[in-house]
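Visitor: Below are the chains, spelled out letter by letter.
There are 2 protein chains.
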Amino acid sequence: MIRGLGLLLLICGVGIAGAQEFSSYVNPFIGTSNYGATNPGAIAPRGMVSVSPFNVAGKQNVLEKDAGWLSNPYVYENTFLTGFSHVNLSGVGCPDLGVILLMPTTGDLETNHLAYGSTYSDEEAATGYYRVKLDRYDVETEMTATTRTGISRYSFPAGKSNILLNLGLGLTNESGASVKVVSPTEIEGMRTVGSFCYYKPEESYPVYFVAEFSHPADEFGVWKTPHRYSGPEAQWMPYNGKTRIMKGYRKEVLGDSVGVYFSYGFEQPTQVEVKVGVSYVSIANARENLRKETSGRTFEELSKSNNDQWNELLSRVKVEGGSEDDKTIFYTALYHTLIHPSTLNDCNGEYPAMATRETLKTEGTRFTVFSLWDTYRNLHPLMSLLYPDQQSDMVKSMLNIYDESGWLPKWELNATETTTMVGDPAGIVLTDTYLRGIQDFDVMKAYEAMKKSAEALEDNPLRPGNSEYWSNGYLTIANAGPVSTTQEYNITDHAIAMLAKELGDQPKYEKFAKQSISYRNLYDAQLQLLRPKNPDGSWYAPYDPAAGANFAKNVGFIEGNAWQYTFMVTHDVHGLIDLMGGEKPFADQLQRVFDEGQFDMANEPDIAYPFLFNYVKGEEWKSQQRVRQLVREYFKNSPDGLPGNDDTGTMSAWVIYSMMGIYPISPGDPVYTLTAPMFDRVTITLDGDYYSGKELVIERTGNPEGYIREVTLDGASHEGYFIDHEKLVNGGVLQMELE
Amino acid sequence: MIRGLGLLLLICGVGIAGAQEFSSYVNPFIGTSNYGATNPGAIAPRGMVSVSPFNVAGKQNVLEKDAGWLSNPYVYENTFLTGFSHVNLSGVGCPDLGVILLMPTTGDLETNHLAYGSTYSDEEAATGYYRVKLDRYDVETEMTATTRTGISRYSFPAGKSNILLNLGLGLTNESGASVKVVSPTEIEGMRTVGSFCYYKPEESYPVYFVAEFSHPADEFGVWKTPHRYSGPEAQWMPYNGKTRIMKGYRKEVLGDSVGVYFSYGFEQPTQVEVKVGVSYVSIANARENLRKETSGRTFEELSKSNNDQWNELLSRVKVEGGSEDDKTIFYTALYHTLIHPSTLNDCNGEYPAMATRETLKTEGTRFTVFSLWDTYRNLHPLMSLLYPDQQSDMVKSMLNIYDESGWLPKWELNATETTTMVGDPAGIVLTDTYLRGIQDFDVMKAYEAMKKSAEALEDNPLRPGNSEYWSNGYLTIANAGPVSTTQEYNITDHAIAMLAKELGDQPKYEKFAKQSISYRNLYDAQLQLLRPKNPDGSWYAPYDPAAGANFAKNVGFIEGNAWQYTFMVTHDVHGLIDLMGGEKPFADQLQRVFDEGQFDMANEPDIAYPFLFNYVKGEEWKSQQRVRQLVREYFKNSPDGLPGNDDTGTMSAWVIYSMMGIYPISPGDPVYTLTAPMFDRVTITLDGDYYSGKELVIERTGNPEGYIREVTLDGASHEGYFIDHEKLVNGGVLQMELE
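Protein chains in written order, with numbering that gives the first Met the number 0: chain A, 0 to 738; chain B, 0 to 738.
It is possible that some hints are incorrect.
Note that the list lumps identical chains together, so a pair holds whenever it fits in one copy or between two copies.
[Stated by the list, open to error] Straight-line distance between alpha carbons at most 30 angstroms, and here's what the computed DSBU-like set of lysine-lysine pairs gives:
#1 K726 to K616
#2 K159 to K199
#3 K179 to K241
#4 K246 to K199
#5 K444 to K726
#6 K451 to K726
#7 K635 to K317
#8 K246 to K450
#9 K179 to K360
#10 K199 to K444
#11 K510 to K451
#12 K58 to K241
#13 K246 to K179
#14 K510 to K159
#15 K291 to K179
#16 K132 to K246
#17 K451 to K500
#18 K450 to K513
#19 K241 to K552
#20 K303 to K693
#21 K451 to K246
#22 K246 to K444
#23 K246 to K360
Calculated from the structure, these hints are not laboratory results.
Generate coordinates for the entire structure from the input sequences, incorporating the hints supplied.
Guide: Below you can see the structure in the form of structure tokens.
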């Protein structure tokens, strides 16, 4: 999309792109405002590398990095660009990565990003392509990417020009880099990243890179900015705290703030391409990644190849009807679900093992960036439906992590366990994947792994408080966020029970099925809400159920309050209905969540709430109404078109499902609940290896803004608002008639 | 020497060591106080590596690093030891290196050197061996070294112990390191050093190392101390500015302050050896250096081999008579002249080229640490006399530097040109070496190189102000230290003239001989002193000739004043005598320098003064008296036994010559002046490749405290107080009879 010309391009786009150009419906600017935390940079599907404009340094900007945990390299409203970063996270809630920054400038060398930054214009972003003009230098910059290499093309005017590689600046709060000019066309080095969420600072690690330039530098050098000394040294050092330039330097430069410049004197306007290969294993692998993925191919070829990959993946779902904006919202969301989990292994299969970072080798893709507290809810079920081959490798990666570290992942990032958020969500994903029919992984290992985290009472990094959880049946305020955590453990225990049942392990099935409903002990019938308990079993008091909204800290819950958590028992909705005294009180209480403004579209605990009216006969229209309203209100074809952090695609997966008319209501149970589709027709090409290989069509008939009157599957009437995954993956037509 | 027991050991030493144990007369503590800037660490002759105790961090110490440019890792009076550094400079005037610090501790891990430091006792130092007990940990530590590897042996008590490798701390003011645990017995990494004299900060560079441990660590990890962030980041980082431990970490850790710990749980008292191989080229070379120099050899074998090397070199001069202290002063001085210039190349011959740091290969030894403003005066002539093979490689190294960078060295340090001090001294060394008979180097290249620096009028890094120097004949206050600098350039021009004459280049001989006495223009007949001139040729006024003593800055001179510089025209003493109006006024004025307290034993410009009475017939006894008095006053067998900075052996060379009774009075002229020897007999074994291979004996007869009555060479009477180098290197007996 050309920035500011989105509408125009969309109109043009229809004609140009034709029916098969799904990628033309991707607007990478969606989510770049309103803390969506996406970026418009060029990236290949599940790429290790993306090349993103970096505009979050400098007080000229509306939002600076770290302000309010700002966790993206790019903010739409900002105006001051200080380079292009090569490893970036998309849609996360804490700053990390955003390093290996390239910046083209003209004129005299300036190495301070606050001094060399520029405003920009003519911004354009598409699948595998990003372009922007740097106003101050009159340099047009274009980017594309392969899985492990970022490719930049700078169109310089005649005269003195510079390309800066800044290893001091970054979104991460880690520092430390090593860089070496290998030749006038090559740089190699590494940069420390890590400490995601300002947490577990011991889990920092290096990212390695090699940068290859199409034009040899006329002059090159490195710079280094030492920290300011005080004391006796300070009086002798004229360069104390000042940046120092080392011209022609060819050895490693080490430190917290270092960089390299390549300078040119162009007699005429000249294009220079810079390719940056990346690896989390070694510089040698970064070089091999770069060579294997880009050698002998032009920028145009690489960009086209990237776009083709996106197009192929996006084409697995074809939507018809709906506005151009709806299509853009849909395909951009799908694009966002295809970024993380992302690729960790190099071309040669090598990757750093979990925790030890020992170099290991994988056959398939070793994935990373598992934000499982978010993604277990809908992203992994969506991957199981649309890209089961990828989901299979994701599950295998999770089991490798277990092999390597002894534990399943929780919030894994580049082979470190950040232990962000609560719960023990991996088991839910494993069961859910298996029960949806993706079974080409070692299910007995998966079962063993999930039992381990469920049953280890001491020194359990995944389940703090597990001892109390099993002895009491629930957590008390002796542990952090006891209600939320009990609920999360319950959902996982439900998943374990489901797998135990599938595997014929009756004793475990009974044990975990029983434990999975222990949240019931925390139900306060008077409040009709969950409520924290003291260690002696009494209710925590005084107690304000509304406390904890908007991420405020509170005693019982993590990132939420009693309203936002009480219904997060999708594995036991009928149990909750009973606790509340029947369907009517349940539906009334659920309605209050929305009426009293407690529903938070931007946070995971309550994102299934809109679908829960489906559990109450006669109230199902409320789900359809609510989902449609939320999609319209929070998901837009504009930079603020996400309700908040995309949460590595969780919000995107939510809107994809919601617009298709099905939702995986209870992760771990291979079932969807239904809602009114927002397209006339959705055609999913089912994978032939895992499923039928046929097409699944979801067809909407009748009044597009109406409510479901009848549901048929391949012409046969379908009762109720739930449908098994198994039935859908045989292919066929799921028709919903609205009136 | 055992610290505090020096005298006792000396008495014992006589019996133990026997006549051939020259190394037993080395007291490495000499120069470790009074800013001598030596250290007592273990080092092989001209070693790249030394392992020195590091006790200059922490306010507990009398002198902290950088206080008054404190430039050594160890100060005798200090008491708080924070490790052992592996690359160190000896006897220099600015802090650098002093990095790759190992420290053994016991008990819980502590990574802050100010917290883990310890007092110490039972200190002992000898050639190739240093030992000390760390009081706090009850750990005995011992060190030895090969040319490129430091070997430490720690005797731990039973219990929890740690070995720390601290890459944050250092004497250098550079920062930045990379380190990686390769295995539980090996660490590799690099550390940035440079910016010698807080100058030319662009000339920082990495030193590479590999550390091999005899015992695998039971536990290991790295630590990293980030600098303190301010601004938005700061509020989220609980670890802001705090040291963070990464247990079991196996990837590179990068940053300004990083380190590694190896921890052990010993069931019984255990010795652990750590070998640290070093290279200025690469980690691979550091590893190869370590393996080649130490594999399969025990600590005892390595220590003995080191001592044997010292013994062999020291045995080239045998002194008899004189006190035990005199012998210790003498051999320790000789030891100090055999430290720098030191080895730059790796075992495989590779070394970093001057300036570019490109990897090149040498056949012989590539030397580094050329403090030529100091060493041209006496150290290189001494090396030419005693170790002409080494001096030959030093000269070849200087010519390689010219090939690599286009310029001869001035103050070269590890392939960087620090451009410290004034003048263009390399040509003096080249001529002096050639005229003393060491001619197996490319003299035409040397001649070309010295002419280049003498004649390049612009962009001349060695001779600032050269244009004015040639147009005026001298420098004016338009340039820094114009009188000193004119004198230095004059001495070099004299050397060039001497080489031109030798090579038969009459025009250049005339040109440079004429220019070499241009200092005469700066002679103020009224003051009988040199004096700076204004650019218009008038005297600089008002003028205080005494200003500039004790290193105070002044207009005319660098590190000195008119008194300390006026006689520094040893190539033209007869000219100066004429200027002063004859021998009497010359001798009177020279006497005034001493009488009025202007003579500075600790600085180079006036160190030849005591010998200048030899130019006045009848006054020669004053030289003998003065030299003897200065040796007694300033050179002692005690930590404060050097007058100040050893200046990479220049002060030591001065005392060696002075005690032998000969002095290379005019560098560039292969001649010695005579003074009363301080031993009964000095026997020099002359090199067979460059000289006669015979022995040169300098024999003192008569009253040891008397003055020279008669000089004979091989029995024939020798007229006057000067003797040609050529006559001495044929061997024979130079007898001086004192009365």
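Visitor: Which of the listed hints are not met by the structure?
Guide: Numbers 6 and 14 - these are the hints that the structure violates, sorted from lowest upward.
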